[in-house]
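Chains as they are written, first to last, in the numbering used here: chain W, 9 to 219; chain Y, 5 to 214; chain V, 2 to 372; chain R, 18 to 297.
It is worth saying that the hints were derived from the structure and are not from the lab.
Cβ coordinates follow ideal geometry from the N, Cα and C atoms, glycine included.
Keep in mind that the hints are not guaranteed to be accurate.
[Unchecked claim] As a list, the in silico BS3-like pairs of lysine-lysine whose alpha-carbon atoms are at most 30 Å apart:
| no. | chain 1 | residue 1 | chain 2 | residue 2 |
| --- | --- | --- | --- | --- |
| 1 | V | Lys290 | W | Lys174 |
| 2 | Y | Lys33 | V | Lys142 |
| 3 | V | Lys142 | Y | Lys168 |
[What the hints assert, rightly or not] Among chain V residues calculated to face chain Y with C-beta under 10 Å, some are:
| no. | residue |
| --- | --- |
| 4 | Lys110 |
| 5 | Asp195 |
| 6 | Leu236 |
| 7 | Glu307 |
| 8 | Ser351 |
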Amino acid sequence: MLKKQIPLAITFITGVIIVVTFFIPHPPFGRLQQDALTWYSVIFGFTMLLGVDSLVKFHYTKLRRREKGWWFSIVFYCGFLLSFITGVISEIRFGDAFNINSSFMYFYNTILVPLQSTMFALLAFFIASASYRAFRARNIDATFLLVTAVIVMLGRVPVGYMLWHKLPDLTSWILNVLQLGPMRGIMIGISLGTVAMSLRLILGIERTYLS
Amino acid sequence: MIEALSIWVAAGLTLAIMSFLYGDNPVYKFAEHLYVGYSAGYWLIYTWHFTIKLMVIQPIAEKQPGALWLVIPLFFGALMLTRWFPRIAWMSRWSIAFTVGIGAGLTLTGAVHGYIIPQVKATILPLWTGNGLTSFNNFVIVVGVITTLIYFFFSKPHTGVLGKTSKVGILFIMVAFGASFGYTVMARISLLIGRLDFLWSSILKLVHFF
Amino acid sequence: MIMFILLSTITVKAFDTPNDGGKSITIKAYNVPETVKKALVYRKTEGDTTYTLAGVMSILSYRFMDADSTIKNGKPYYYRVDFYFPDTVISVEADSPGIAYAQWYDKTKTSSLIFLIVFSTFVLVFIQLAKKDPEGLYIRKIPALDAIDEAVGRSTELGKPTFFVHGLLGITDAGTLAALTILRRVAKKVAEYDTPILVTNYDPIVMTASQETVKQAYTEAGRPDAYNEKNIIYLTYEQFGYTAGVDGLMVREKPGAIFLQGYFFAESLILAETGHSVGAIQIAGTTAKEQLPFFVAACDYVLIGEEMLAASSYIGREPVMLGSVKGSDWGKVFLLAIIGIGVAIGTIGSILQSAGNGALMNVFEKILAFF
Amino acid sequence: MNGENISFWEKLGKIDRRWIFLIIGLVVFIPIAFGLRMTVHVSPAVKSAYDTINSLPEGSVVMISIDYDAASMPELQPMLKAILRHCFDKNLKVVLINFWPLGLPIGNQGLEEVAREYGKVYGVDYMNLGYRPGDIAVMLRMGTEIRSVFYGDIKGTPLDSLPMMKNIHNYDDIAVVVGLEAGSMGDAWVQYVNARFKQDLILGVTAVMAAGVYPYLQAGQIKGLIGGLKGAAEYEKLVNHPAFGHIGMASQSWAHVTIILFIILGNIGYFMERRRKRGL
Chain W
9 MLKKQIPLAI
19 TFITGVIIVV
29 TFFIPHPPFG
39 RLQQDALTWY
49 SVIFGFTMLL
59 GVDSLVKFHY
69 TKLRRREKGW
79 WFSIVFYCGF
89 LLSFITGVIS
99 EIRFGDAFNI
109 NSSFMYFYNT
119 ILVPLQSTMF
129 ALLAFFIASA
139 SYRAFRARNI
149 DATFLLVTAV
159 IVMLGRVPVG
169 YMLWHKLPDL
179 TSWILNVLQL
189 GPMRGIMIGI
199 SLGTVAMSLR
209 LILGIERTYL
219 S
Chain Y
5 MIEALSIWVA
15 AGLTLAIMSF
25 LYGDNPVYKF
35 AEHLYVGYSA
45 GYWLIYTWHF
55 TIKLMVIQPI
65 AEKQPGALWL
75 VIPLFFGALM
85 LTRWFPRIAW
95 MSRWSIAFTV
105 GIGAGLTLTG
115 AVHGYIIPQV
125 KATILPLWTG
135 NGLTSFNNFV
145 IVVGVITTLI
155 YFFFSKPHTG
165 VLGKTSKVGI
175 LFIMVAFGAS
185 FGYTVMARIS
195 LLIGRLDFLW
205 SSILKLVHFF
Chain V
2 MIMFILLSTI
12 TVKAFDTPND
22 GGKSITIKAY
32 NVPETVKKAL
42 VYRKTEGDTT
52 YTLAGVMSIL
62 SYRFMDADST
72 IKNGKPYYYR
82 VDFYFPDTVI
92 SVEADSPGIA
102 YAQWYDKTKT
112 SSLIFLIVFS
122 TFVLVFIQLA
132 KKDPEGLYIR
142 KIPALDAIDE
152 AVGRSTELGK
162 PTFFVHGLLG
172 ITDAGTLAAL
182 TILRRVAKKV
192 AEYDTPILVT
202 NYDPIVMTAS
212 QETVKQAYTE
222 AGRPDAYNEK
232 NIIYLTYEQF
242 GYTAGVDGLM
252 VREKPGAIFL
262 QGYFFAESLI
272 LAETGHSVGA
282 IQIAGTTAKE
292 QLPFFVAACD
302 YVLIGEEMLA
312 ASSYIGREPV
322 MLGSVKGSDW
332 GKVFLLAIIG
342 IGVAIGTIGS
352 ILQSAGNGAL
362 MNVFEKILAF
372 F
Chain R
18 MNGENISFWE
28 KLGKIDRRWI
38 FLIIGLVVFI
48 PIAFGLRMTV
58 HVSPAVKSAY
68 DTINSLPEGS
78 VVMISIDYDA
88 ASMPELQPML
98 KAILRHCFDK
108 NLKVVLINFW
118 PLGLPIGNQG
128 LEEVAREYGK
138 VYGVDYMNLG
148 YRPGDIAVML
158 RMGTEIRSVF
168 YGDIKGTPLD
178 SLPMMKNIHN
188 YDDIAVVVGL
198 EAGSMGDAWV
208 QYVNARFKQD
218 LILGVTAVMA
228 AGVYPYLQAG
238 QIKGLIGGLK
248 GAAEYEKLVN
258 HPAFGHIGMA
268 SQSWAHVTII
278 LFIILGNIGY
288 FMERRRKRGL
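Same shape as in the complex, but just chain W:
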């Protein structure tokens, strides 16, 4: 009862309240959707502790058992402590760890920014290898995909203009007209699926984490 019925009831009540108050601008209901997002963030804040705890334990187990590559877990701890400690110090010193002069932001810029942008830049390589491997004219569907991709790729660089001066125009037509319909169709489909899924969750028909 406590373990199954109450959670179902909580989801039902919360869901219904949020849907109904969506149509009521009168206070205190008008702001409820926004408030709910704040509430979600606060719960998220608490849960972050559980997450970090799980990650720290994951590496602790590796260290304790001296699993293969265990010493990299020490690197993990160093990185974690570096940001955590500089963060706490900056928060105390400036009252705001995100102050542009804080040590926390200094390490953010020297460590996190290059890591972030390089990881992001790897996409250039993967987009090349994926197109090489996957863009084969196996059937009509794949051929449509391939041909459109090639036209758009060429149409967006000067070489495309040199090959055929109408290519950039064709590319913008594809982007503004041809792909608009299917993208819209996909999104309407997703939205309908979302509504159906949310209804099932609120009504307690769909229970992922409850039996």
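Given the coordinates of chain W, work out where chains Y, V and R should sit on it, guided by the hints.
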């Protein structure tokens, strides 16, 4: 000196991540563990500052109107932490149920009001506008939406007319995917250009430094 | 002389902002000449002797919404707007005071409400029908979902673990909720085959929900003892940090099957290409339309958008679930009918209009305005 | 001979992807290392952005908004530099403003670099307002008085002690606002500042965003649109100062052509294999 060191660190980390392209190796492993560790700590501080401090502590300390309502998320947030105590861990399900309820409510209204209604409205286009090209474009858009939606019919077998329209639908979908793929290539290459330029200018700077 | 003409034409109205929670007044100006450069709105209320600046009016829509914190419901406020022309400034007072109220129903959302009622009715009716008559319910083939068992099975044969990689959105996203349904199926198979699983999470709340889901799946498979919470881990709430971490785990643990499920951003292709390079069968599913092309290119099976959201019905094949899918399809028919009728009215209206009869076109405009 | 030929193509179809990585890396890197450039064709959207600034009388004020951070720097920084060169060349005064706090050092670095090239003086020819939190609220308040939000410049110097700021109070004193955008601030510039103050706007956006912002140009809400690295290269061409945009465009073009060649090779391999299997 500090500047040179910063450049060394940034350039070194850039190369370390790029080495993953060759295969897994200790240098990448180092960078990866540092990255995961550092960013986990970073987000812990971020959550503290922007969520707990600005959304909870400050409104309560300043007695802002409506701060009392924060009792609700504080209660469910605390319940979430019961997961640390196996005997009462099941209580955290109440919090999950609460967040799922919020999620279901928000996505339901968001999908209808924010997407379905405006997109259906945008698709109601006259197929004749007096201008040949716009009329044709409108036709293409309307057909694209309809056939794609028909592809996502689940409760009827895709045979006969339904089958043929859904075939057209999947072709439209493939064109959209191709366009989207080709469109993104440019941005991704730009990122690499930025990174390699950073690396090259760092090397030049360091050569100059010594 | 010019001033006189301008004065006589510009009018300003102040009224309660409709469909809101009160404490706001809208000021709108009519017949404003295009030469106006700037328009400042001033407000005063009972007891004030002078006007105070309330804000700047848009000179494209000639509208200003005054939602100052001092405004109270039910109290009259008087407004004056100063219009700045290249050579002069003209002040116009609102013809009557504005009084703010809070409304109980937002009329702009009527179309959403109607759709919601129609759609929910379809879903609920078909669920009831399905309960009464479970025979004859059909759901079309979704190959990516049929492949789940095969992927886990192959992974077991090879003696390799199965990976389940969550996307980046939290539990407020429908794709994430659908991913949990799929996780449940995957975890059940994994428990039956007694093969290791690793679930990586970006969002800690999703992590807790995943832990509960996997635990339930193991119980369902009759092996609650084999469940280990440590296999469902949080990595980091940083997009590419998460990517780097998952990539590292992939190349080291060499999973035989990888499920990439949920809402992904740019990292989709990095994950899918790395997964491919370790030789895993990959089943992806996302409601992120921008990322679908990359999954289609790099993965073995892909759940495209709505297919993912129908997964729970497809997997469980319970009549109730299948009924809801049927109801949702009828919702689709309803929308297609609206689009079809709207397009027909618009097209015929437009043709008639060019022939000199604009009546039907007016109907069309009214229909669009209703949405 | 024939047999070897077939196996060559088929082998090519299953080539180790690290070769692809290497080739892409080189194709992008070589133009950067050797400063190779690409001729670009100027599009009407960029030309109209250029014309808007070009038509301003000497001494007019251009406000440039830095709404991006390191991630979009490769695309937007060349734009910033090209526009700054244009402004300084025409003796226009430049005010920099930031809506992304992490873009602060990036924008300032670009500004100082170009200003040095032209021998411009801080506080007389250009200045940087820095960042204030509040996004749209900041934008709107600047409509009545910049000093109501920015008490000092980026270093905290009071605005009135900077000679150029004496006559700059609100949007009436600013000829054009140029928004360099990696997110949603561009929409805010259009929907709030253009709509309420009829402020002339030019937007420079990342390549991914360009299509979404295009309707503003069609509707006349913005005077010009510079999209991605390509747009930056076009602007560089207009100011007659080919720089990183041109180099980047060479990398970009060759990378696109290389990827397309890969696709063609992959398909040849695939069809060879299919033909051989059918033949067997």
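Structure-based check of each hint:
The straight-line distance between the Cα atoms of lysine 290 of chain V and lysine 174 of chain W is roughly 28 Å, inside the 30 Å bound, and the hint therefore holds. Of the pairs offered as hints, the one joining lysine 33 of chain Y and lysine 142 of chain V is violated, with about 42 Å between alpha carbons and a cut-off of 30 Å exceeded. The hinted pair formed by lysine 142 of chain V and lysine 168 of chain Y meets the criterion: a straight-line CA distance of about 16 Å does not exceed 30 Å. Restraint check, lysine 110 of chain V versus chain Y: the minimum CB separation of about 6 Å is within 10 Å; hint holds.
With a cut of 10 Å, the hint placing aspartate 195 of chain V at the interface with chain Y is violated, because the nearest CB-to-CB distance is about 24 Å. Residue-level restraint check for leucine 236 of chain V holds (minimum Cβ-Cβ distance to chain Y is 6 Å; threshold 10 Å). Because the beta carbon of glutamate 307 of chain V sits about 5 Å from the nearest beta carbon in chain Y, less than 10 Å, this interface hint is met. Among the interface hints, the one on serine 351 of chain V holds; its C-beta lies about 4 Å from the nearest C-beta in chain Y, closer than the 10 Å criterion.
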